[in-house]
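Engineer: Taking the hints into account, I'd like the entire structure generated from these sequences.
There are 2 protein chains.
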Amino acid sequence: MLRVTIEAMGPQAPTGDMPKPAIPGVQNLIAVGSGKGGVGKTTVAVNLAISLARMGHKVGLMDADVYGPNVPLMMGVRATPHAIGERIQPIEKYGVRIMSMGFLNPGDKPLIWRGPMLHSVIQQFLRNVDWGEVDYLIIDLPPGTGDVQLTLIQSAPLTGSIVVTTPSDVSLEDARKAVHMFLQVRVPILGIVENMSYLTCPHCSERIDVFSHGGGRKTAETMNVHFLGELPLDPDVRIGGDTGKPVALADSEGFVAIACEVIARSAEVRGGRGPRIDIED
Amino acid sequence: MLRVTIEAMGPQAPTGDMPKPAIPGVQNLIAVGSGKGGVGKTTVAVNLAISLARMGHKVGLMDADVYGPNVPLMMGVRATPHAIGERIQPIEKYGVRIMSMGFLNPGDKPLIWRGPMLHSVIQQFLRNVDWGEVDYLIIDLPPGTGDVQLTLIQSAPLTGSIVVTTPSDVSLEDARKAVHMFLQVRVPILGIVENMSYLTCPHCSERIDVFSHGGGRKTAETMNVHFLGELPLDPDVRIGGDTGKPVALADSEGFVAIACEVIARSAEVRGGRGPRIDIED
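For the record, the sequence lines run as chains A and B.
Just so you know, the first sequence maps onto residues 1 to 281 in the working numbering.
Just so you know, the second sequence maps onto residues 1001 to 1281 in the working numbering.
One or more hints might be untrue.
Unchecked claim - In silico lysine to aspartate or glutamate, EDC-like type, Cα no more than 16 Å apart, as pairs:
1) A:K245 to B:D1234
2) A:K245 to A:E92
3) B:K1245 to A:E92
4) A:K58 to A:D169
5) B:K1245 to B:D1234
These are calculated hints, taken from the structure and not from any lab test.
Structural biologist: Here's what the structure looks like:
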């Protein structure tokens, strides 16, 4: 009976060979993903975008987490995008051009959509938004390895991807799945970020490894991908997100370092010196 | 152009009126959900199941998070279920009968599936697993308001649901969406759990509100649903999950309290004294 169950699911390996037309004006298209939710994927995407913008780059931020679009809250922006001709205009905040489902479906009503409807909105976000000339278009993926991720990474000409994890074993278990997903569909992995690495007690300044520590770097080494850096579990980062004033606005050291790594790794990929990708099946 | 975009998505309100045949032998079917991932949904599901079992109830735990099935790791069990006749046998650990995609797809390879395949496996988990006589079958939903959640809550005869959140505004934003989702499909909400409420520094014993505090209770009051309790951000809880020895094995006070609330609220719902559900559209 179990055999029948598995057969009913069928083999699902995506080919990764769909055509991926370039997005005019976009130099680097970078997806930020995670196996597990709540690890700080959107926090990394938002602060990375702001850090890049503060370095003088032209930056776009596409919130592809259509079910839980937290980018507007974290960027402190509520607005209704309008269109010029056929092109939806992104909303600019902190020097970053933003598009999010949260702009189109504000409030608390959930979107209960099935796959095909997601594909349509993701494609529109990618191709019908007037991103203009941008050096980096950061895509905040939904967590996991589901429909949206698959559609996006199969149809978008991604320069590379970033996998965010916490150091907990549970999070790392899912992060490894995300790395495998990107490898399977032949998207270069710029590297792994370990978020919530440790907490410094605001009272006694002692270090607390709330979610363990070091697993991100170890996983990167084991899987032969770059380690982009670790970020502390800093209540200020959470407050920055909750109040719409991300910490990167004040040149947060950790995020600047990660932005520099992302710039370097993206240049490597474009120059054909990216990490060799082997597909094992 | 924007108008066209929105029309292309169409109205998506599920009806909630699909037939929901009972699952023979299952007294209470309870879904644990969250808007956002990483808030401790699986931690709550696992420790709730163990707490109920330690109180003498017969308990099943169905891991419906097919993309990130963390239940086997958290319960410390790796096994291959076998079938007797047409029925898949759950794996028993700590007095809880468990079924998880992690048993069928162990290791790091992700499942990159689209909606319809998920629906099939969820239905098999619900109806082809030999749950036997159980007082409580706890379903660990994937985070969010997507395909799997919709299929499951439309087709399963749920007694009620639990929404897990952290106190951060970003998490609460998504938790409100999850509450609305359950309301829309007419599933009684047993209540909201606030997880990672606060951290007690292991060095100086001072309290740290890492993810803010109190938003879960406030949200429950505002939305007129029960508040089931708050759980601290306790490194021991994370360690318990990472090592497969959940804290509830030692009668964790917080989880026992939540288990008692769940028992009471489920009895209310079964007795027709559950929270009145109004659909607003």
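Engineer: Give a verdict on every hint.
Structural biologist: Here is how each hint holds up against the structure:
For the proposed pair K245 of chain A and D1234 of chain B, the alpha carbon gap of about 28 Å is over 16 Å, so the pair is violated. Between K245 of chain A and E92 of chain A the CA atoms are separated by roughly 14 Å; this keeps the pair inside 16 Å, and the hint holds. The hinted pair formed by K1245 of chain B and E92 of chain A fails the criterion: a straight-line CA distance of about 47 Å is larger than 16 Å. Proximity of K58 of chain A to D169 of chain A is assessed by CA-CA distance (about 36 Å); at most 16 Å being required, the pair is judged violated.
A threshold of 16 Å between alpha carbons decides the hint, and for K1245 of chain B with D1234 of chain B the separation of about 14 Å falls inside it, so the pair holds.
Violated hints, in rising order: 1, 3, 4; the structure is consistent with all others.
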